[in-house]
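Student: Below are the chains, spelled out letter by letter.
There are 4 protein chains.
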Amino acid sequence: MKFLDDVDVDLVQCLASDEMVVRAARISTKSESVVEEAPGKTSGMINFLLKNRHGTPFEHNMFTFRIKAPIFVFREFHRHRIGWSYNEMSGRYTELPAEFYEPDVYRPLVQEGKPGAYVFVEGTAEQVHSTRAILETSYADSWDRYQQLLLQGVAKEVARAVLPVGIMSQMYATCNARSLMAFLSLRTKDETSTFPSYPMQEIEMVARKMEAFFKEKMPLTWASFQMNGRVSP
Amino acid sequence: MKFLDDVDVDLVQCLASDEMVVRAARISTKSESVVEEAPGKTSGMINFLLKNRHGTPFEHNMFTFRIKAPIFVFREFHRHRIGWSYNEMSGRYTELPAEFYEPDVYRPLVQEGKPGAYVFVEGTAEQVHSTRAILETSYADSWDRYQQLLLQGVAKEVARAVLPVGIMSQMYATCNARSLMAFLSLRTKDETSTFPSYPMQEIEMVARKMEAFFKEKMPLTWASFQMNGRVSP
Amino acid sequence: MKFLDDVDVDLVQCLASDEMVVRAARISTKSESVVEEAPGKTSGMINFLLKNRHGTPFEHNMFTFRIKAPIFVFREFHRHRIGWSYNEMSGRYTELPAEFYEPDVYRPLVQEGKPGAYVFVEGTAEQVHSTRAILETSYADSWDRYQQLLLQGVAKEVARAVLPVGIMSQMYATCNARSLMAFLSLRTKDETSTFPSYPMQEIEMVARKMEAFFKEKMPLTWASFQMNGRVSP
Amino acid sequence: MKFLDDVDVDLVQCLASDEMVVRAARISTKSESVVEEAPGKTSGMINFLLKNRHGTPFEHNMFTFRIKAPIFVFREFHRHRIGWSYNEMSGRYTELPAEFYEPDVYRPLVQEGKPGAYVFVEGTAEQVHSTRAILETSYADSWDRYQQLLLQGVAKEVARAVLPVGIMSQMYATCNARSLMAFLSLRTKDETSTFPSYPMQEIEMVARKMEAFFKEKMPLTWASFQMNGRVSP
Chain H
1 MKFLDDVDVD LVQCLASDEM VVRAARISTK SESVVEEAPG KTSGMINFLL
51 KNRHGTPFEH NMFTFRIKAP IFVFREFHRH RIGWSYNEMS GRYTELPAEF
101 YEPDVYRPLV QEGKPGAYVF VEGTAEQVHS TRAILETSYA DSWDRYQQLL
151 LQGVAKEVAR AVLPVGIMSQ MYATCNARSL MAFLSLRTKD ETSTFPSYPM
201 QEIEMVARKM EAFFKEKMPL TWASFQMNGR VSP
Chain X
1 MKFLDDVDVD LVQCLASDEM VVRAARISTK SESVVEEAPG KTSGMINFLL
51 KNRHGTPFEH NMFTFRIKAP IFVFREFHRH RIGWSYNEMS GRYTELPAEF
101 YEPDVYRPLV QEGKPGAYVF VEGTAEQVHS TRAILETSYA DSWDRYQQLL
151 LQGVAKEVAR AVLPVGIMSQ MYATCNARSL MAFLSLRTKD ETSTFPSYPM
201 QEIEMVARKM EAFFKEKMPL TWASFQMNGR VSP
Chain F
1 MKFLDDVDVD LVQCLASDEM VVRAARISTK SESVVEEAPG KTSGMINFLL
51 KNRHGTPFEH NMFTFRIKAP IFVFREFHRH RIGWSYNEMS GRYTELPAEF
101 YEPDVYRPLV QEGKPGAYVF VEGTAEQVHS TRAILETSYA DSWDRYQQLL
151 LQGVAKEVAR AVLPVGIMSQ MYATCNARSL MAFLSLRTKD ETSTFPSYPM
201 QEIEMVARKM EAFFKEKMPL TWASFQMNGR VSP
Chain D
1 MKFLDDVDVD LVQCLASDEM VVRAARISTK SESVVEEAPG KTSGMINFLL
51 KNRHGTPFEH NMFTFRIKAP IFVFREFHRH RIGWSYNEMS GRYTELPAEF
101 YEPDVYRPLV QEGKPGAYVF VEGTAEQVHS TRAILETSYA DSWDRYQQLL
151 LQGVAKEVAR AVLPVGIMSQ MYATCNARSL MAFLSLRTKD ETSTFPSYPM
201 QEIEMVARKM EAFFKEKMPL TWASFQMNGR VSP
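Chain order of the listed sequences is H, X, F and D. The first sequence: position 215 = 215 (this note's numbering), numbered continuously. The second sequence: position 48 = 48 (this note's numbering), numbered continuously. The third sequence: position 67 = 67 (this note's numbering), numbered continuously. The fourth sequence: position 34 = 34 (this note's numbering), numbered continuously.
Quick caveat, the hints were computed from the structure, so don't treat them as lab data. Don't be surprised by glycine CBs; every beta carbon is placed ideally from N, CA and C. Some hints could be false.
[Claimed, not checked] Straight-line alpha carbon distances no greater than 30 Å define the calculated DSS-like cross-link-like pairs of lysine-lysine that follow:
1. X/Lys215 - H/Lys2
2. X/Lys51 - D/Lys114
3. D/Lys189 - F/Lys156
4. X/Lys41 - X/Lys217
5. H/Lys156 - X/Lys189
6. D/Lys217 - H/Lys217
[To be verified] Some chain H residues well away from chain F (every beta-carbon gap over 12 Å; in silico):
7. Asp6
8. Arg208
9. Glu216
Model the full structure from these sequences, guided by the hints.
Tutor: Pasting the structure below:
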C-alpha cells in the first residue's frame with residue numbers, strides 16, 4: 001500500500017498556439033493569414049478577445065492530460081461537462097492499485113465559519129498526526145476487505161463498494177483553452193480574480209499543474225487570462 | 001446505520017408531452033398547429049422521427065428526478081454530460097447520512113469471462129452471506145473513522161476521504177427525452193435492443209425507475225423507442 | 001409580401017421557479033425542503049449562488065420560445081450551443097412565407113469607428129428612405145426569382161438559394177435559466193453590465209422579449225442577475 | 001463576381017491517431033502503454049469500442065477544418081452543437097466576397113414525393129440552363145443592392161440583409177473523431193449505413209471532403225466506422 005500526498009498531471013498530447021486563436025478570430029473580419037503580424041499585435045488581439053468575451057477563438061486547440069488523483073477530486077472534476085472528454089480507470093474492469101491519498105502536513109485541516117463562508121485553518125500537530133493515523137488505518141482495513149471479497153470470487157464491481165473515495169484513480173482528460181480557463185477560474189484561488197473562488201485544495205493542486213502546461217503552450221493567452229481577472233471568455 | 005438494497009427515484013417536476021415533439025417537428029414543414037390531428041398521426045410522426053434520427057424535436061421537454069443511489073452509481077451517471085444537469089449532496093458541505101448500499105440476495109455476484117465479454121452469474125449462498133457480512137463490517141468501520149475524524153475537528157471534506165463508494169448519495173438530475181433515451185439505451189439491458197448493452201446492475205435499477213416515469217409522461221415516444229430497438233435518435 | 005420591422009417572441013411552455021433553484025442548491029448542504037423558508041431567505045440564497053458562480057442550480061427549469069426573426073438573427077442565435085435546443089422552419093421542406101425584415105425608422109443605420117470599437121449612429125432621413133426602398137426592391141426581386149424557380153419545378157432546397165438573409169424565419173428554442181442568462185449577457189446592452197456587450201440591434205430585440213418572460217417567471221433570479229452585473233453564473 | 005459549383009475543405013491542423021483511441025480505452029482496464037501492441041490488436045480493440053458504443057475514447061483528438069461553402073450549408077452545419085467549435089466570416093464586420101454557389105450540371109434539380117420520402121431526380125437540360133440563368137441574375141442583382149447600400153454609408157450589418165443564402169462564406173470548424181462520425185453519419189448517404197440518411201447534396205459535398213481527411217489520419221477508426229454501418233459510437 002502506498003500513501004501519496006500529491007497528485008500527478010502529465011501533458012500527454014497537445015496542439016495549441018496563441019497564433020491559432022488570432023487566426024480563428026481574424027476569419028470574422030478578414031481572410032488573410034496573420035503569420036506576418038508582429039507579436040505585439042497578436043497579444044493585443046488576444047487581450048481584446050478575452051476582455052470582450054469572444055470565447056470561440058479559444059476553442060481551436062487541444063490538451064490531453066493524464067491525471068492521478070483521489071476519487072473525491074475526480075467526482076468534482078467530472079462535473080465539468082462542456083469541452084471536456086474523460087476516460088478513467090474503472091473499478092468494474094480492473095483491480096484498482098493500492099494507492100491512497102493522505103494530506104501532507106501543510107494541508108489546512110480545520111474548517112471554520114458556516115456554509116458559503118468557510119475558512120480553512122491549520123490543524124494542531126496532534127490533529128495532523130491523528131488524521132494520518134486514522135486515514136491509514138481506515139484505508140488499510142478497506143483494502144483488506146476489498147481483497148477478501150475478490151478472493152471469495154466476488155465481482156470487482158461489487159467488491160469495490162468498500163473502497164474509499166480517498167483511493168487514487170487515473171484518467172485521461174482532454175479539453176481546449178476555453179474549457180480549461182473555465183475550470184481554472186473556478187478551481188484555483190487567486191488574489192487578482194474578478195470572481196473569488198474557494199476550491200478544495202486537492203482539486204486546486206491538479207488545476208495548478210494543468211495551468212503550468214497551459215502557460216507554457218499558450219503564453220499570451222495565459223498572460224491575458226491572468227491580467228483580466230482570470231475570467232474565462 | 002442503514003443498509004439499503006435498493007435505489008430511489010422520484011419525479012420532482014416534469015413538463016413533457018408527445019404533442020410537443022410533433023409541434024416542434026412540424027415547424028420544419030408547415031407552421032400550423034397540430035392540435036386537431038388524430039392520435040394515429042402523432043404516433044406515426046414520432047415513429048418517423050425516431051427511426052430517421054431526427055433528434056431535436058425530442059429536446060423540448062424536461063424531467064427532473066431526485067435520485068438516491070450509491071456513489072459508484074453516480075460516478076457512472078455523471079459521465080453523461082450532454083442534456084443533463086446535476087446537483088448532488090456534497091461531502092464538503094454536509095455530513096453524509098449513514099446509509100450504505102448492499103446488494104440484495106438476487107444480485108449476481110460472480111463475474112466470468114474476460115474484459116469485453118463478461119457474464120455475471122449468481123453467487124453461492126455462502127458468497128451471498130459473506131459478501132453482506134464483509135460489506136457491513138467494512139462500512140461500519142469506515143463510518144466510525146469518519147465520525148472520529150469529525151469529532152477531532154477535522155474538516156468534512158478531509159474526513160470523508162475514508163467513506164466508501166458504496167455509501168448512498170442523493171442528487172437532482174434534469175434531462176430531456178432525447179438525453180434520457182441516450183441514457184436508457186446504454187444503461188438498460190433489453191433483448192430487443194439493436195445495440196446490446198451490459199450495464200452495471202445498480203445503474204440499471206436507477207434507469208428502470210426513470211424509464212417508468214418516461215413511459216407514463218410520453219407514452220407514444222416511449223413506445224416508438226421500444227419498437228425501434230431502443231436507439232436514441 | 002410583408003415587410004416587418006419587428007420580431008416576435010412567444011413563450012410556448014415553461015416550467016421554472018425561483019424555489020427550484022434553492023431546492024437544487026440545498027441538496028448540497030442539507031436535504032430538507034425549503035418550502036417553509038421565508039422569501040427573504042430564497043432571495044439571499046439565489047443572490048449568493050449567482051455572485052459565486054454556482055451555475056448548476058439554475059439549470060433545473062425550462063423555457064420554450066417560439067421566435068420569428070430574420071435569418072441573419074438566427075445565424076447568430078444558433079451559435080449558442082450549450083443548454084439550447086432548436087427546431088426551425090426549413091427551406092428544404094417548405095416554401096418560406098413572403099415576410100421580410102426592414103429596420104424601422106429608429107434603427108441606427110451608420111457604423112462609425114473600426115472593428116472592435118464600432119459605434120452606430122442614426123442615418124439621415126434620406127438614408128432611411130433609400131435603405132427601405134432598396135431593401136424592398138431587392139427582397140421583391142429575390143422573391144420573384146424564387147417563385148420562378150419553383151414554377152419551373154426546381155426543388156425548394158435549390159430555389160431558396162436566392163432568398164436573402166433578411167427573410168423572416170421561425171423556430172422553437174428551448175433553454176434553461178442558466179443558458180438564457182448567458183445569452184442575455186452577450187445579446188443585450190446594459191449600462192450596469194460588468195462586461196459590456198455590443199449586440200446587433202435585431203438580436204437584442206429578440207433577447208429583450210425573452211428577458212421579459214424570464215423576469216416574470218423567475219423574478220428573484222432575474223433581479224439577482226440584474227443586480228450582479230448581468231453575468232451568467 | 002464568381003459563381004462556384006464546389007465547396008472547399010482544408011485540414012488546417014490535426015492531432016489524431018488510432019493509437020490514442022486505444023490508449024484512452026486501455027486506461028479503463030489496465031494502465032500499461034499500448035505502444036508495443038501489434039496492429040491487429042489495435043484494430044480489434046477499435047472495432048470492439050465502435051460496435052459497443054464506447055464513444056469517449058474517440059474524443060481525444062482534434063481536427064480543424066477551413067471550409068468554404070454557401071450560407072445555406074453553414075445553417076445546417078451549425079446545428080451540430082456538441083463537440084464542434086466554429087468561427088465564421090461575419091457580414092457584420094467585413095464586406096463579404098462576391099462568390100456565389102451555383103449547382104453544377106449533375107446536381108439533381110427536381111424533388112419528387114412528399115415530405116419524409118423525397119427523391120431527387122435530374123432536371124431537364126432546359127431546367128438546368130434556366131436555373132443557372134435565374135440564379136446568376138438574382139445573385140447579381142442582390143450584390144448590386146448590397147453595394148448600393150454600402151455606398152450610401154449604410155452599415156454592413158444592415159446592408160447584408162439583401163444577400164442571398166447562396167453566397168459563399170468561410171469558417172474554421174474544429175471537432176473530434178466522435179463528433180465527426182456523428183456528422184458523417186447524418187450528412188452522407190451510403191448504401192451500407194445501418195440508418196439511412198438523406199442529406200442535402202451540398203452538405204454531403206463538404207462531408208465527403210472532411211471524411212477523406214478523417215480516413216487518412218485515423219485509418220483503423222474510419223475502417224471500423226465503415227464496417228459497422230457508419231453509426232457513431
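Student: For each hint, tell me whether it holds in the structure or not.
Tutor: Consistency of the hints with the structure:
1. X/Lys215 - H/Lys2: Roughly 49 Å between the alpha carbons, so the hint for X/Lys215 and H/Lys2 is violated.
2. X/Lys51 - D/Lys114: With Cα atoms ~17 Å apart, X/Lys51 and D/Lys114 stay inside 30 Å; holds.
3. D/Lys189 - F/Lys156: With Cα atoms ~20 Å apart, D/Lys189 and F/Lys156 stay inside 30 Å; holds.
4. X/Lys41 - X/Lys217: holds (18 Å)
5. H/Lys156 - X/Lys189: Given pair H/Lys156, X/Lys189 holds - Cα atoms ~20 Å apart, limit 30 Å.
6. D/Lys217 - H/Lys217: Judged against 30 Å, a Cα distance of about 24 Å means the pair holds.
7. Asp6: holds (27 Å)
8. Arg208: holds (19 Å)
9. Glu216: holds (27 Å)
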